[in-house]
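Using the sequences and the hints, build the whole thing.
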Amino acid sequence: MYKSAPSSAAILDMLKRAKRDKTIREEMFPDVVAAFKRVLSEKLSDTAYMVDRSRRSLKV
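For the sequence shown, my numbering assigns the number 78 to the initial residue and increments by one for each residue that follows.
Treat the hints as calculated values from the structure; they're not laboratory data.
Incorrect hints may appear among the rest.
[Unchecked claim] Dumping the calculated DSS-like pairs for lysine-lysine here, alpha-carbon to alpha-carbon at most 27 Å:
| no. | residue 1 | residue 2 |
| --- | --- | --- |
| 1 | Lys120 | Lys93 |
| 2 | Lys114 | Lys96 |
| 3 | Lys80 | Lys93 |
Right, here's the structure in full:
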């Protein structure tokens with residue numbers, strides 16, 4: 078839709094909204110934030126592999 082990955086600021090905004098709207102339960106919020114931090118810290122150095130994987134997952 079936007080042709081790029083969401084920025085850290087956009088993800089933070091989405092998390093805050095989800096907490097406010099109670100989409101993410103209060104007691105789960107620290108775990109969700111920690112999981113996002115782990116995901117965002119991972120480097121996507123092999124972009125050809127990642128693109129191939131995403132194309133394959135769309136065919137399923």
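Status of the hints after comparison with the structure:
1. Lys120 x Lys93: Holds, because 24 Å separates the two Cα atoms, which is no more than 27 Å.
2. Lys114 x Lys96: Answer holds: Lys114 to Lys96 is near 16 Å, not above 27 Å.
3. Lys80 x Lys93: 23 Å, holds
Against the hints set out earlier in the document, no violation occurs for any number.
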